[in-house]
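Spelled out, the chains give:
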Amino acid sequence: MKKFLGIVSVLLMITACTSGDDSNDTTEENQNPDSTSFDRSAMLANWADGIIIPGYVDFNQKVEVLELATANFVSSPDDLSEVRKAWTEAYTVWQRVSMFEIGPAEVVDLRLNVNIYPTNIDLLESNVTNGDYNLALASNRAAKGFPAIDYLLYGLGEDDAEILAVYTGSNAALYRQYLSDIVVDIKNLSSEVLSQWQGDYRDTFVNNDGASATASVDRFVNDYIFYFEKFLRAGKMGIPGGVFSGNVEPNNLETLYEGTLSKSLFLEGLDASQDFFNGVSYNGTSQGESLNTYLVTLNSVKNGVALHSIINESFDTTRASVNSLESFKTELENTPPINFLEAYDDVQRIVPLLKVDMVSAMSIRIDFADADGD
Amino acid sequence: MLFKSSLNNNLMYKKCIPLFVLSILGLTSCENDDSGNTITDNTITVPATYSFERDGSSTVSFSGQTERILMAEELITAMIDFDNTDTQALLDMFANENTPFTNEDLNASSKSVKSKVAASTDYFSNAAATSATIRTDFETWMMAQVSEVFPARNTVATEGISGQIADGASTRYVNAKGFEYNQLVNKGLIGGLMLDQALNNYLSISVLDEGTNREDNDIDLVEDGKSYTTMEHKWDEAFGYVFGTAPDAANAIVTLGDDDSFLNKYIGRVEGDEDFTGIAQEIFDAFKRGRAAIVAKNYTVRDAQAAILREKLSEVIAIRAVYYLQQGKLAIEAGNFGTAFHDLSEGYGFIYSLQFTRNIDTNTSYFSKSEVDKYIATLSNNNGLWDVTPETLDMMSTTIADRFDFTIEQAQN
Numbered sequence: 001m002k003k004f005l006g007i008v009s010v011l012l013m014i015t016a017c018t019s020g021d022d023s024n025d026t027t028e029e030n031q032n033p034d035s036t037s038f039d040r041s042a043m044l045a046n047w048a049d050g051i052i053i054p055g056y057v058d059f060n061q062k063v064e065v066l067e068l069a070t071a072n073f074v075s076s077p078d079d080l081s082e083v084r085k086a087w088t089e090a091y092t093v094w095q096r097v098s099m100f101e102i103g104p105a106e107v108v109d110l111r112l113n114v115n116i117y118p119t120n121i122d123l124l125e126s127n128v129t130n131g132d133y134n135l136a137l138a139s140n141r142a143a144k145g146f147p148a149i150d151y152l153l154y155g156l157g158e159d160d161a162e163i164l165a166v167y168t169g170s171n172a173a174l175y176r177q178y179l180s181d182i183v184v185d186i187k188n189l190s191s192e193v194l195s196q197w198q199g200d201y202r203d204t205f206v207n208n209d210g211a212s213a214t215a216s217v218d219r220f221v222n223d224y225i226f227y228f229e230k231f232l233r234a235g236k237m238g239i240p241g242g243v244f245s246g247n248v249e250p251n252n253l254e255t256l257y258e259g260t261l262s263k264s265l266f267l268e269g270l271d272a273s274q275d276f277f278n279g280v281s282y283n284g285t286s287q288g289e290s291l292n293t294y295l296v297t298l299n300s301v302k303n304g305v306a307l308h309s310i311i312n313e314s315f316d317t318t319r320a321s322v323n324s325l326e327s328f329k330t331e332l333e334n335t336p337p338i339n340f341l342e343a344y345d346d347v348q349r350i351v352p353l354l355k356v357d358m359v360s361a362m363s364i365r366i367d368f369a370d371a372d373g374d
Numbered sequence: 001m002l003f004k005s006s007l008n009n010n011l012m013y014k015k016c017i018p019l020f021v022l023s024i025l026g027l028t029s030c031e032n033d034d035s036g037n038t039i040t041d042n043t044i045t046v047p048a049t050y051s052f053e054r055d056g057s058s059t060v061s062f063s064g065q066t067e068r069i070l071m072a073e074e075l076i077t078a079m080i081d082f083d084n085t086d087t088q089a090l091l092d093m094f095a096n097e098n099t100p101f102t103n104e105d106l107n108a109s110s111k112s113v114k115s116k117v118a119a120s121t122d123y124f125s126n127a128a129a130t131s132a133t134i135r136t137d138f139e140t141w142m143m144a145q146v147s148e149v150f151p152a153r154n155t156v157a158t159e160g161i162s163g164q165i166a167d168g169a170s171t172r173y174v175n176a177k178g179f180e181y182n183q184l185v186n187k188g189l190i191g192g193l194m195l196d197q198a199l200n201n202y203l204s205i206s207v208l209d210e211g212t213n214r215e216d217n218d219i220d221l222v223e224d225g226k227s228y229t230t231m232e233h234k235w236d237e238a239f240g241y242v243f244g245t246a247p248d249a250a251n252a253i254v255t256l257g258d259d260d261s262f263l264n265k266y267i268g269r270v271e272g273d274e275d276f277t278g279i280a281q282e283i284f285d286a287f288k289r290g291r292a293a294i295v296a297k298n299y300t301v302r303d304a305q306a307a308i309l310r311e312k313l314s315e316v317i318a319i320r321a322v323y324y325l326q327q328g329k330l331a332i333e334a335g336n337f338g339t340a341f342h343d344l345s346e347g348y349g350f351i352y353s354l355q356f357t358r359n360i361d362t363n364t365s366y367f368s369k370s371e372v373d374k375y376i377a378t379l380s381n382n383n384g385l386w387d388v389t390p391e392t393l394d395m396m397s398t399t400i401a402d403r404f405d406f407t408i409e410q411a412q413n
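Protein chains in written order, with our numbering: chain P, 1 to 374; chain S, 1 to 413.
Nothing false has been slipped in among the hints.
Facing chain S, from chain P, some residues (calculated, C-beta under 10 Å):
hint, residue
1, Met237
2, Gly242
3, Val243
4, Ser245
5, Asn247
6, Phe340
7, Ala343
8, Asp345
9, Gln348
10, Arg349
11, Arg365
12, Ile366
13, Asp367
Cut-off 20 Å, straight-line C-alpha distance, at most; resulting in silico cross-link-like pairs (SDA-like, lysine to any residue):
hint, chain 1, residue 1, chain 2, residue 2
14, S, Lys226, P, Phe368
15, P, Lys230, S, Ser125
16, P, Lys230, S, Asp122
17, P, Lys230, S, Ser206
18, S, Lys297, S, Val46
19, S, Lys111, P, Ile239
20, P, Lys230, S, Ser115
21, P, Lys230, P, Arg219
22, P, Lys329, P, Gly155
23, P, Lys230, S, Thr121
24, P, Lys230, S, Ala127
25, P, Lys302, S, Thr362
26, S, Lys369, P, Asn339
27, P, Lys302, S, Asp122
28, S, Lys369, P, Glu342
29, S, Lys111, P, Ser245
30, P, Lys302, S, Asn126
31, S, Lys297, S, Ile44
32, S, Lys226, P, Ala369
33, P, Lys302, S, Asn363
34, S, Lys111, P, Asn247
35, P, Lys302, S, Ser206
For the record, the hints were derived by calculation from the structure and aren't laboratory data. Since the structure is predicted, the reported quantities are computational estimates derived from the model, not experimental observations. All C-beta atoms in this analysis are idealised placements derived from N, C-alpha and C, irrespective of residue type, glycine included.
In isolation and in its complexed conformation, chain P is listed as follows (with noise of 0.2 Å):
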């Protein structure tokens, strides 16, 4: 009799010394979660097949327009409508494929390469009249990517008049080259990627169906929610907003030059943050197995409410709140921008909801902490 209270008394402390939340609320799981009766696999075939590669494709596909407009802009530079306009299409899908930083766009570190804002001007110059520059090295990734045909486009003059005269001036050929040159550079890295998941690696994920810190759930819901915290709530929102420093920062907002598009380009990293939740195919027409419906056959409830909708609540909260924003650099120059930041308070409740209850639900290991301390 005595062991077994023993027993039970283990059992109880395992509720009461390891509910380490100092809030109020509370996460039940199931009390018996028996992880085989969600179907990993079938989850991570339509990520891959279903998301992933379809978009890579939509991507792949954006660059090579922006490469046939940057070819017809710099052949006769005297229009900068077209290649703009391709700029902001692959930009805005970028966007949704920004986040499967795992396996081939990892091995390349696509992200880095793409989009570091903002562009490094003086590098970028200098890069531009040396002409001599290898947009392999790593020194080199913050004289471009989207950012750096951002300031190529829209910020080398105060209006198109003078931006398109840099492009038929003393250095044009050299404009000319080193926009086209970046361009080219997207473009191989994002058909290396592409090519990668359309050959072996596909299989490689998806067969990697276990439930350990290296298969590919665990490892995959780590860089959703990294992407999320670190690139779409701080990159995006947080570090321009002074959140982090207390100094607002509108220099730090993507698509400095062009300057409208910011809060777009977050919302369609919202929305494909959303729609990977929620394992809304590419082409948006149909839904498969997601983390959504993982928490369902969970059957994970916080505070009495269904978690999957707890998250499908925020996320619309918070897209409703960054909707009703004005740009995002109009609404930096508030002192200081209480609605931006209020939005960003809206965004930043997501977070736990992933980083907290729903990988303890799915019994998964966050691998990587703040690094904000001292």
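Place chain S on chain P using the hints.
Only chain S this time, still in chain P's reference frame:
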């Protein structure tokens, strides 16, 4: 010694295993918790001083906290340096931009005061807008000091007029409502920086146990190139906001009260009130015991110490708020406006700091931001401190004391 970087890729935990191990550890520690303050668990060795070592090297580190306290010291000194300060200098000191400090080490530091004001994980990670509003309050006070008070340096302060006013042998420089902006910044930072960071960030379970901190601490997995585990370091950082400028941190209790112009100083003041004598030792001991519990991997005891610290340090703020309200009341009754304004400016800062306190029963502050804002609006109404009545000050004192475990009589001397 294990290093995180070399292990990261090889560690493959299944969550159920550490949970099971923890639950057994938890069983031991939860039982001990019932026995009161004395540590009966032999596995926890509480040292006589705040000294902890691993393989012969100290594992205690809080240089970032020391730097921020020193930055805040330069800032509040500059606020009354009429001859050498301008608005930009104050804002630069707040944000550590453009090498604003006389201490070159601070200029070289990557830290700033501003980035950690109203920045705790528990209170502000979902409240960036509120955080920005609070940071703006501090900047507004700094700018107003230069724009309102500096030009009135040699003006006699009267109702609605900024200037100087005698407080016994001292001269106070106040705004048109009788407030000393330097005191608002000074006492406001005690809550906004030190208390919030210590109680709601570094002593928070969500920070101490973030990511793999527990698993790493369980196997003594130290940070890359360091002698401490992440969890040990977080705890030390809380300690640093209280004792970070003590000449001998291990024996920081010896110089308590003399080491800074912020939390350390006012723990010392409360300790000096015989109604609260012993509180300093309780705080120091809780820091030591909690740190020793981390070394012993006893997280229940650790969290019990965090609760003590939250309670005691919050109480320090409330006691000082009531103390200054009462001192101000006495001075107003005696017609000593200069003295009253000085006390009530300090009181304003401590009331402002109440929004960063931590009630361990509710896990929120003892006074909400809107309650604090209401008090401040009351003090600032019309001609501000020139108009404030003893009844108002008594009412505020009563409300504050009632939410804590002390009386006005205990706090007022």
